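Chains as they are written, first to last, in numbering that gives the first Met the number 0: chain A, 0 to 363; chain B, 0 to 363; chain C, 0 to 363; chain D, 0 to 363.
If you are wondering where the hints come from, they were derived from the structure by calculation, not from laboratory data.
None of the values given here were measured: they were computed from a predicted structure.
Worth double-checking, as some hints may not be accurate.
Which copy is meant is left open, because identical chains are indistinguishable; a pair holds if it fits in one copy or across any two.
Stated by the list, open to error - When the alpha-carbon atoms are kept at most 27 Å apart in a straight line, the in silico BS3-like pairs for lysine-lysine are as follows:
1. Lys93 - Lys306
2. Lys177 - Lys257
3. Lys257 - Lys93
4. Lys317 - Lys271
5. Lys164 - Lys320
Spelled out, the chains give:
Protein chains: 4
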Amino acid sequence: MSGNTFGELFRITTWGESHGPAVGVVIDGCPAGLLLDGSDIQKELDRRRPGQSDITTPRKEEDRAEILSGVFSGKTTGAPISIMVKNKNVDSSKYEALRNTPRPGHADLTYELKYGYRDWRGGGRSSARETAGRVAAGAVAKKILSHFGIEVIGHVVELGGIRAKAVEIENIRGNTEKNPVRCADQYAAVEMEAMIHAARSESDSVGGIVEIFSIGVPAGIGEPVFDKLSAEIAKGLMSIGAVKGVEIGAGFRSAIMKGSQNNDPIIICDGKPLPVTNNAGGILGGISSGQPIVCRIAVKPTPSISKEQGTVDLYEMKETKIKITGRHDPSIPPRIVPVAESMVALVLVDQMMRGGFIKTSIIG
Amino acid sequence: MSGNTFGELFRITTWGESHGPAVGVVIDGCPAGLLLDGSDIQKELDRRRPGQSDITTPRKEEDRAEILSGVFSGKTTGAPISIMVKNKNVDSSKYEALRNTPRPGHADLTYELKYGYRDWRGGGRSSARETAGRVAAGAVAKKILSHFGIEVIGHVVELGGIRAKAVEIENIRGNTEKNPVRCADQYAAVEMEAMIHAARSESDSVGGIVEIFSIGVPAGIGEPVFDKLSAEIAKGLMSIGAVKGVEIGAGFRSAIMKGSQNNDPIIICDGKPLPVTNNAGGILGGISSGQPIVCRIAVKPTPSISKEQGTVDLYEMKETKIKITGRHDPSIPPRIVPVAESMVALVLVDQMMRGGFIKTSIIG
Amino acid sequence: MSGNTFGELFRITTWGESHGPAVGVVIDGCPAGLLLDGSDIQKELDRRRPGQSDITTPRKEEDRAEILSGVFSGKTTGAPISIMVKNKNVDSSKYEALRNTPRPGHADLTYELKYGYRDWRGGGRSSARETAGRVAAGAVAKKILSHFGIEVIGHVVELGGIRAKAVEIENIRGNTEKNPVRCADQYAAVEMEAMIHAARSESDSVGGIVEIFSIGVPAGIGEPVFDKLSAEIAKGLMSIGAVKGVEIGAGFRSAIMKGSQNNDPIIICDGKPLPVTNNAGGILGGISSGQPIVCRIAVKPTPSISKEQGTVDLYEMKETKIKITGRHDPSIPPRIVPVAESMVALVLVDQMMRGGFIKTSIIG
Amino acid sequence: MSGNTFGELFRITTWGESHGPAVGVVIDGCPAGLLLDGSDIQKELDRRRPGQSDITTPRKEEDRAEILSGVFSGKTTGAPISIMVKNKNVDSSKYEALRNTPRPGHADLTYELKYGYRDWRGGGRSSARETAGRVAAGAVAKKILSHFGIEVIGHVVELGGIRAKAVEIENIRGNTEKNPVRCADQYAAVEMEAMIHAARSESDSVGGIVEIFSIGVPAGIGEPVFDKLSAEIAKGLMSIGAVKGVEIGAGFRSAIMKGSQNNDPIIICDGKPLPVTNNAGGILGGISSGQPIVCRIAVKPTPSISKEQGTVDLYEMKETKIKITGRHDPSIPPRIVPVAESMVALVLVDQMMRGGFIKTSIIG
């Protein structure tokens with residue numbers, strides 16, 4: 000039990016169910032003196048928000064962040080920051096039919112088997128809505144990182160089998176938010192969008208791959224041997240619902256490379272030693288090298304589809320069929336981008352604190 | 000700092016450098032009353048041991064486990080189990096030349112940048128030798144799991160680009176230890192072995208993929224939302240040196256599947272609900288479903304190669320070249336198998352304790 | 000940073016400032032299936048509430064608990080329970096004058112020195128109001144303990160130098176809540192009440208001692224060697240503001256006893272071995288013995304007094320004088336009773352989970 | 000389970016039984032670049048060592064510390080420091096008789112009830128011998144603190160009812176190690192020594208009180224609200240066997256003080272605000288104020304006495320009598336001094352790291 004907290008020194012605890020009164024997060028360990036207001040958080044929540052475009056669920060939520068503690072006259076005090084997002088536009092009626100029939104690919108079955116009692120409305124605690132708290136906390140983490148010149152940006156690199164071309168970091172920064180799929184390759188973006196519409200029209204869904212860059216991370220971040228920067232990132236990203244794989248740098252490609260291809264030679268750059276290529280993804284021995292941190296996640300296709308699927312009736316304990324109606328994204332990657340960025344940002348701040356890079360007070 | 004401990008309730012702390020007096024582990028949280036002797040640990044250490052075949056490093060180490068505490072008259076007492084493995088057959092002379100020249104693909108550079116002072120002999124703390132402690136602890140975890148009918152077995156599924164055929168679990172159990180590459184597909188094993196010899200003769204190295212099955216895990220293990228079973232496994236596996244990717248179930252393949260293909264329909268099996276296929280890899284919403292837990296890791300090619308590579312001289316702060324001599328495995332996957340099994344076994348025991356499945360005393 | 004979480008498996012995180020919008024707590028690790036509603040929590044909050052009698056601060060707060068998550072149709076689901084108590088009847092105007100003049104005996108000075116920026120209204124995070132979250136969580140812990148026949152009850156045993164007579168546990172249960180000082184000795188209670196009025200009339204305050212009994216705790220709870228039951232209780236109790244000492248069993252008295260007086264002989268009671276006296280306070284080697292757990296805390300006199308005191312003006316950095324006006328309890332012990340009970344109850348539930356005594360689901 | 004680790008960032012894990020092959024500690028989180036050799040540790044172990052004078056147990060142990068990792072060429076590397084102390088001069092024969100008869104006041108009974116199986120030789124894990132690991136780790140902590148001008152010194156202030164006079168810190172520093180009872184008041188020391196001899200001759204034992212000063216601690220250390228400096232110190236000290244009470248500053252005396260007496264007025268000292276008296280014991284709101292940290296512990300009389308005591312035979316489950324023979328200190332306070340200092344030093348280093356006062360590397 001008690002798995003709802005993430006981080007050691009910069010530590011977040013999320014709470015809330017999809018159809019309960021609210022969801023939220025408590026952020027503990029934020030340094031004092033950080034300028035912070037609702038708009039810092041709202042900006043990121045809006046990127047995660049349902050109903051932001053025609054390829055997401057039509058559940059329209061304002062997702063307005065209320066800061067309940069830890070901020071005084073526009074600056075953090077070092078006390079825990081409690082943020083609440085009320086649940087509105089909730090319709091539980093569609094879920095009545097699913098009460099006893101766990102949806103394939105969802106957590107309904109395992110929550111039932113583990114707890115023996117669950118909130119069946121809208122996925123309850125296992126709903127993607129839980130990530131609102133992560134994104135709110137991620138916004139605070141990003142604000143801290145910006146003080147150190149660190150930026151975390153994600154983009155969709157593959158969706159429904161369509162691969163984006165590799166682009167420069169400037170293009171990721173510039174293009175990603177220009178299209179609803181959050182793909183930096185604008186041509187691929189058009190194809191991906193069409194693919195999502197096609198999947199929806201077939202009562203189906205598609206998965207994809209998201210890449211997250213962390214730029215400006217100084218060398219020396221990460222705590223070997225178990226709390227390696229790579230290990231903590233892997234945990235953070237794999238803890239997001241629908242994520243089934245995580246890789247760093249060359250990742251699974253490194254399995255088919257020779258050592259002479261995969262090793263990044265070291266050069267001197269601005270008077271400092273630095274790997275010249277980045278197959279390592281910016282991490283060696285679990286510690287940042289000064290290169291950008293690069294990671295990718297495999298996102299499974301949305302399990303909620305309106306095609307007929309086999310399941311069981313847990314009350315009568317017999318096999319049956321279901322078709323899932325309700326409002327669902329036919330593809331998760333576009334909206335998972337801010338969530339994945341948040342998890343990486345949370346890890347970076349936590350590890351920087353563990354290494355003594357960030358102190359109790361950001362001012363002075 | 001302080002990243003050398005893994006687990007919450009079943010908690011291990013490893014210590015030791017490659018060329019120091021010894022390496023070891025302290026296992027805290029083992030239930031009392033477990034029959035345990037040196038042979039339980041030795042058996043697993045022998046699978047990890049260097050020099051076990053002609054495809055591994057010729058560094059010949061006995062790797063004899065000494066149990067220093069926590070076991071009394073052949074049974075555990077609930078007190079911490081301290082296990083030490085002395086370092087023998089150590090030759091630091093080859094490393095003198097590498098003192099100021101970090102090896103590409105290794106942690107030399109990042110340890111230097113983080114700590115400012117390091118044990119440069121044999122990779123010091125970042126040496127693969129550190130995993131001896133993990134394997135010793137994993138042996139204890141496996142012994143506990145066996146009381147619950149749970150088995151963790153790994154095998155090499157890809158090496159140097161050669162893919163093994165999918166085989167039944169009985170074949171993995173029966174064939175894996177019959178060949179030095181630990182591949183259950185005996186034909187592929189022969190090719191893989193040849194590939195390793197070829198890489199060595201070219202002064203190069205090859206990577207691969209290892210798969211780990213956990214069979215017999217009951218439904219209900221895992222602590223959402225951050226300490227999901229999948230998230231903890233991802234952290235554990237990614238914390239092993241040379242691992243650059245982790246996937247669960249269909250993993251990265253799920254990114255190109257449709258929801259209707261990827262979802263595992265649920266049936267009734269022996270009176271209980273169970274997913275009938277296993278794209279989820281036995282985990283839904285971070286909780287075990289009763290299906291086998293399936294995970295795979297991408298292992299990069301050994302960074303220590305005798306080809307010439309570019310690096311820097313940290314003392315003179317100028318670019319230079321190195322050729323790494325010394326004794327190294329040309330391919331890591333065969334010997335990483337017991338390490339990966341150990342990490343998964345450690346996570347399972349810890350999560351079973353967190354869920355209250357295992358109590359203070361295994362007897363009574 | 001990040002010290003706002005207490006417990007390992009049953010884990011609470013409190014948040015909120017005295018004059019902010021609300022205070023609250025997130026309880027993580029509560030088993031599923033526990034019957035819980037607002038009244039369980041309200042009952043305990045009412046015991047902590049300001050304005051409950053004429054010996055407490057006249058700040059009148061309803062302190063109404065809102066459960067925002069983790070409870071569905073009257074039962075817990077195993078998900079985190081978020082509880083919020085809005086701050087009402089807040090008057091920050093009195094604090095304007097104290098903005099730059101730290102109050103002696105308060106945390107104003109040290110928060111300023113640590114964080115460099117603080118919410119100076121009403122003590123901010125260091126206000127006793129923070130304990131509302133502890134008491135709300137303690138109410139949940141007590142509900143869980145009641146399933147195991149365990150009861151945690153506290154009472155004031157000394158106040159302003161007046162000592163209560165030792166009474167039987169039945170009298171503590173029966174009498175404590177009958178008088179505003181929460182003293183089980185009704186005669187002493189009258190004197191204590193008079194003492195509080197006298198202190199107030201002298202613009203001063205008085206301290207005291209509170210004793211907490213835990214009855215029905217089974218043998219075997221506690222995790223040596225650092226997380227001893229006694230050590231965790233000591234931490235929990237010492238973390239309450241105004242507590243300056245903690246003792247278990249004979250406590251400081253044991254320092255003047257002989258071994259032959261202090262040792263509790265062991266007898267057989269209902270077929271089980273049990274210490275016959277209880278100088279050990281129910282804990283031996285950090286593990287519960289089956290006897291009641293007995294602990295006592297020293298509570299300092301309220302630092303907020305209206306007598307003139309020396310302090311410094313932090314803005315002008317020169318010495319000055321203050322008289323603290325506003326609404327304050329002249330004696331803390333009566334209202335600290337439910338807080339101390341809560342901390343002990345939280346430790347007991349957490350340690351029972353760590354020992355595997357409590358599982359994921361309380362039902363079934 | 001798993002309670003053998005102490006600290007968050009500077010984290011120690013102790014292991015070992017009294018009559019096993021060795022006891023030891025793994026220190027994780029020590030910054031790199033600290034000059035450290037065996038003599039730093041030996042010096043403190045010698046203060047804890049049995050047989051150091053005629054008032055301690057005659058068990059003569061060399062207690063030689065072996066550093067097995069984390070130190071390279073005389074300096075720490077940031078890797079875990081493993082220290083082992085072999086058990087010599089062990090005689091288990093005396094304990095055969097105590098196998099089934101738990102000693103009153105000892106942990107024998109509760110270990111049996113918790114684990115169902117225990118190492119009955121010499122107290123096993125609950126032996127005072129476990130503290131050798133704490134003292135070895137404390138020596139490292141003290142070395143780190145000395146870099147920041149912080150000193151932790153303890154002394155016996157009461158023994159067998161004899162109270163030492165309050166003396167200046169210079170006298171504590173100068174006199175404590177001059178007499179075997181470690182009392183800074185040389186006259187009281189003579190009486191205490193006589194008291195110990197008297198207790199031994201009566202087959203009995205005596206308790207006492209130890210005070211620990213931490214001098215030079217900067218303001219701002221401690222993490223409210225649960226991980227207050229006072230709370231962590233209370234946990235650390237209460238986790239030592241035989242300790243039954245902990246107080247900070249005026250402690251239990253503050254319960255009988257008025258607010259106007261107990262509050263420490265604030266003055267300006269060397270340009271900084273500082274409490275002028277120290278009833279708070281250097282901690283306000285859980286954060287250090289810049290004043291010395293003052294804490295005291297109540298130490299119970301040694302439970303091992305040769306007087307006849309009532310106990311039970313667990314095998315036959317009937318009441319019986321025992322006289323404990325073997326080699327025991329008739330009074331614990333003199334030898335607990337270095338252990339208590341160690342626990343306080345460990346907390347200080349950990350909390351300084353948590354606040355970002357200490358970085359990964361002590362050099363540069």
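Hints and how they fare:
In the homo-oligomer, the alpha carbons of Lys93 and Lys306 lie at most 27 Å apart inside one protomer (16 Å), although the nearest pairing across protomers, at 63 Å, exceeds that limit. In this homomeric assembly, Lys177 and Lys257 come within 27 Å of each other (Cα to Cα) only across copies, at 26 Å, whereas the closest approach inside a single copy is 38 Å. In this homomeric assembly, Lys257 and Lys93 come within 27 Å of each other (Cα to Cα) only across copies, at 23 Å, whereas the closest approach inside a single copy is 53 Å. For a Cα distance limit of 27 Å, the shortest separation of Lys317 from Lys271 across copies, 10 Å, qualifies, whereas the shortest one inside one copy, 66 Å, does not.
Within a single copy, Lys164 and Lys320 get their C-alpha atoms no closer than 41 Å, and across copies no closer than 34 Å, so neither meets the 27 Å cut-off.
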